[in-house]
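K.L.:
Going down the list, the protein sequences come from chains A and B.
Residue numbering for the first sequence follows the numbering used here, beginning at 1 and increasing consecutively.
Residue numbering for the second sequence follows the numbering used here, beginning at 1 and increasing consecutively.
Hints are computed from structural coordinates only; laboratory data are not their basis.
No experiment lies behind these values; they were computed from the predicted model shown.
We put the beta carbon where it would ideally sit given N, CA and C, even for glycine.
A few of these clues could be false.
Derived CB-CB ranges, DEER-like [what the hints assert, rightly or not]: (1) B:5 - A:89: 45 to 53 Å; (2) A:225 - B:74: 19 to 27 Å; (3) B:55 - A:124: 56 to 64 Å; (4) A:104 - B:12: 27 to 35 Å; (5) B:76 - A:29: 14 to 22 Å.
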Amino acid sequence: MKMPSSRTGRASRRRNVLIPSGSFAVAGVLLVIGLLILILRFAAPGALTALAKPFWQLGNMSTNGMHSFASLFGNSAQLTRERDTLAQENLALAERARTLEARSADLERLVGTRTASANRVLAGVLARPPVTAYDSLILDAGSVAGVHVGDVAYAAGGVPLGAVDSVLASSAHVALYSSGGQKTEGWVGDTRIPITLTGKGGGTFDATLPRESGVAVNAVVYIPGPGALPIGTVVRIDSNPSSPRDTIHIAPYVNIFSLTWVEVAAP
Amino acid sequence: MMRGTALVAAFLAPLLFPTVLAGIVVFIASVAVPPLGIVIGILTDALYKPASSFPYATLLGAVFSGLGYVMHRFIKTRIISE
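Could you build all of it, start to finish, from the sequences and the hints given here?
P.N.:
Below, the structure written as structure tokens:
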């Protein structure tokens, strides 16, 4: 008489999808953690940011370390040539900046200034795309440092990046203008043709405008600010013969993936 | 061991990895521990979602949890391995 096989019994039990596994404890703990996160988000959002801050700083340190490590394997002659080229470009840009500052000062003396210089808060970037979802920045300065909801974040050179949409005591969240679906009014080209910039994520925008507008590739795109603030250039124009409007694709001046600090000021 | 690794990797992914890579890590972790998807989605929205935006990360996390649960059940019953 053949004895029933325990192996067959275990196999028939495992193959029955109706018998639940023993993972309810883990699932329960995770759901409790999820509820805690939701409660913290509304009751004490600063706690979540404080918990995440060491990991963001670790990520930044790791990224910088990897860059330094990778540079050890670079061809030293090539690196030297690149450094010399960049140094020359830097000198040229510094000279151009001094020239533009002088022209700006002349214009201000001619037409007068409308506002006093803004109080700007210098803030370090804790987290940036692509780590952050939704094309946003997490800054390490908050209400204590003088950051307010609605303030604008600027990169080096005064390029606007986005607006502060939530502030905690020691951190702030900036929604970039390039967030998916975000609409921003602006202008394009020397003739300042009005357009509506639509964020596409990854720091890029697109916009539509009439085909006969005459906008060309490399036209500068501006958004409102103290005057008109340049934020990028047109890199591609898509024309559809069946549509009276062209779609322009805009690349930003600033590489949002490598931001380390920004200035925050009232709009 | 596998569940512990999945838990740690999933919780660290939105803090250290680019969004796409974090999504892949969370999806794989959701196969091992299905509720991880929606929990990490809630965490991602709590950290990064703008005030006026739709909670896409939570929704995607719920989808990952659902798919992960289905795959988890099939793997457990060894239908895929047959």
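K.L.:
Does the Cβ distance between residue 104 of chain A and residue 12 of chain B fall inside 27 to 35 Å?
P.N.:
At 47 Å between Cβs, range violated.
K.L.:
So the hint says 56 to 64 Å: do the beta-carbon atoms of residue 55 of chain B and residue 124 of chain A match that?
P.N.:
violated, 27 Å
K.L.:
Can you tell me whether the CB distance of residue 225 of chain A to residue 74 of chain B sits inside 19 to 27 Å?
P.N.:
violated, 55 Å
K.L.:
Could you check the hint for me, namely that residue 76 of chain B and residue 29 of chain A are 14 to 22 Å apart, CB to CB?
P.N.:
holds, 19 Å
K.L.:
Starting from the range 45 to 53 Å, see whether the pair residue 5 of chain B and residue 89 of chain A falls in it by beta-carbon distance.
P.N.:
holds, 47 Å
Of the hints listed earlier, those the structure fails to meet are numbers 2, 3, 4, in rising order.
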